[in-house]
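Asker: One-letter residues, chain by chain:
Number of protein chains: 2
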Amino acid sequence: MSQLTISQRGQQMPASPIRKLVPYAEAAKKKGVTVYHLNIGQPDIETPKAVLDAVRHAEFKVLEYSHSAGNESYRKKLVEYYSKVGINVNHTQILVTTGGSEAILFGFMACLDPGDEVIIPEPFYANYNGFAVEAGVKVVPIVSHIENGFALPPISAFEQAITPRTKGIVICNPNNPTGYLYSREEMETLKSIIQKHNLYLFSDEAYREFCYQGEHFSAMQLTGVEDNVVLMDTISKRYSACGARIGAFVTRNQQLLDATMKFAQARLSPPGLAQIAGEAAVDLPDDYFDETKAMYLERRNALVSRLNAIPGVFCPNPGGAFYAMAQLPIDDSDKFCQWLLESFEYNKQTVMLAPATGFYGTPGSGRQEVRLAYVLNTEAIHKAMDCLEKALEVYPGRIK
Amino acid sequence: MSQLTISQRGQQMPASPIRKLVPYAEAAKKKGVTVYHLNIGQPDIETPKAVLDAVRHAEFKVLEYSHSAGNESYRKKLVEYYSKVGINVNHTQILVTTGGSEAILFGFMACLDPGDEVIIPEPFYANYNGFAVEAGVKVVPIVSHIENGFALPPISAFEQAITPRTKGIVICNPNNPTGYLYSREEMETLKSIIQKHNLYLFSDEAYREFCYQGEHFSAMQLTGVEDNVVLMDTISKRYSACGARIGAFVTRNQQLLDATMKFAQARLSPPGLAQIAGEAAVDLPDDYFDETKAMYLERRNALVSRLNAIPGVFCPNPGGAFYAMAQLPIDDSDKFCQWLLESFEYNKQTVMLAPATGFYGTPGSGRQEVRLAYVLNTEAIHKAMDCLEKALEVYPGRIK
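Chains S and Y are the protein sequences, given in the same order.
1035 is the number of the first residue of the first sequence in our numbering; add one for each residue after it.
1035 is the number of the first residue of the second sequence in our numbering; add one for each residue after it.
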């Protein structure tokens, strides 16, 4: 007789490394302590009114299933959007997904079988682990280093990691959690690797618009590897619309589009109301991003300069996204982040950070690093840094 | 060197059996032929205005991620809803999902490993196949018969299908595609099987409100098997809000809730705008379903009586949902449904049906059956039946 059990997959599925500290934050708040949330990528920036108004004023009688690939009108709008950022695709090469999350899952499902491997420079977005477990895929991390700002690991590191089961490489550009913006040269390096070894390149470009030095060079702009490249995209961060759950799976590989469409059909359609929002977002004035970007840049500058002014702290200047990784003089980032919430306060305030351990595939890595999301205004960032500075003076697990 | 290939899973993934006829329908329309769509479960009934208005008038500045389990306020509302239909759960036993689709996928992912088996009475909702392929799960069909209206197969059929890899049974009640409403006795039979063999019972109750004879008895109302039962639910059909993509995964099994929550966290949150709609829907007046149900009942009666009046046609009277399965005097339902669109018209009109082959797991089954969704008004149903009647008179592949 079989037992009523949780699947091995369900057991292996990682719990969110960021959300595990939530009970400590809640307890701190109950004690009257203000918690500055630099732990998650939920921007405080308002969703553009025009985007929400499009939903408010949409005229329809029946909220019907959309096309499984997303409304054609939205996909055609997305062609305009991609054209503006230098990516030439047609609307049949776009599948609208339920957030970037589903684009990642679809990519893993359609390209990789259980036991197949993807190489991901670490630290990396923790939920890649979750989707890999769902698809039975093995994540093979290769190390990027804080010393050079988490630049792309050398070709030799990829070559050493490649096995007969390797089917692809995943990058996030600009990167969550490091904020690193891959240069055109690094993208060309990736091209040479995927060409040589016939690999997929899964490129998560959720933060494309938020680049502070240098232009964004998309994986979709690489030539000669059109069948290899899969773009995994989302409107979540771009328009501060995380709750919409609208993303896109984009590739020029027709065979892969055909296969992925079957996964899209199984779940019928992406969210309908939010597709209206996404479509309206493409029509935002071109200067929309200027303002948002300027805001994030100011926050980044405040955060990074404050961090590097703290004795023993090192934070490379991130070129994009809205994250920074900092090395701290601490014994263990999990302990430290919990301690910040549980045992520390400064003027009835503290700061919530994400321990970097959750972003590494290699056990034991990231114990002296934390990720900071600069999703709060500059004043709040300064107050949070005041807390961190004081905390590091008194933290019992301080090293060096 | 590895090859750039589609995964085996991607190859095995079934294409939608319903959507494959779409190009023929489009071609017919281009020729000026009116196509009555009885092929898909997209109701023509208006989404309640109060539900859409809730979204239109929602006040917020940032469309944030919701809780991964769904907004607590919505889950608490759902507790009220479930209480009204005789299901006692608390809000921590509900995970809001992206449509019923995601609830099914979560159930398979968290309970079953690749190679594990689920038993499903056939004909069944075709997309169970898709989610099974995604999760690497083997679907083991057992036959239900049109002669007795697709009642639950006997215990012996289940017993014969059970192997050491069997982990669960999937039912849809009332059923898509058959419209069959399982009786309380049949539900108790299922209980005895899952108890004896320690199996999960995945109960898809998307059409709960649409029962035309007899009360709906939910799997969640079975006692003594609280840990075994997983309810997979959706607002799609209930409130004619298919495009919202809001469903629910409901169980009293705490261990399973904990595991499933990790899958929910990986994809961050269910759609935010549509959760507002779902929450408002619970507050619709209690007589909302009376009207909708009366409309479906009228349509069912029209459809079934017309079908059974056609020589050689047999259609059992479905007790629920808005589907009927009919046996036709034809050689092959795939050919026939294509022929209806490609080569037939009556007064510049034709009808689009779903070949039943797509709903059977056993190859070759369903070749003389079609599924009809009574999602059009009675007048349209009569016109569609006029077409079908004429078509069966002249169809070259008619048998008997």
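Just so you know, the hints here were simulated from the structure itself, not pulled from any lab data.
Hints are supplied without guarantee of correctness; some may be wrong.
Now the stretches of chain Y that chain S is said to cover, found in silico as 3 or more residues with beta-carbon under 8 angstroms [as the list claims (entries may be wrong)]:
1) 1098-1111
2) 1126-1137
3) 1232-1238
4) 1300-1313
5) 1319-1325
6) 1361-1373
7) 1402-1416
It should be emphasised that the depicted structure is a prediction, and the values quoted were computed from it without experimental measurement.
Yeah, the Cβ is synthetic: ideal placement off N, Cα and C, and Gly gets one too.
Asker: To test your reading of the hints: which numbers does this structure violate?
Answerer: Hints 5, 6 and 7 not satisfied by this model.
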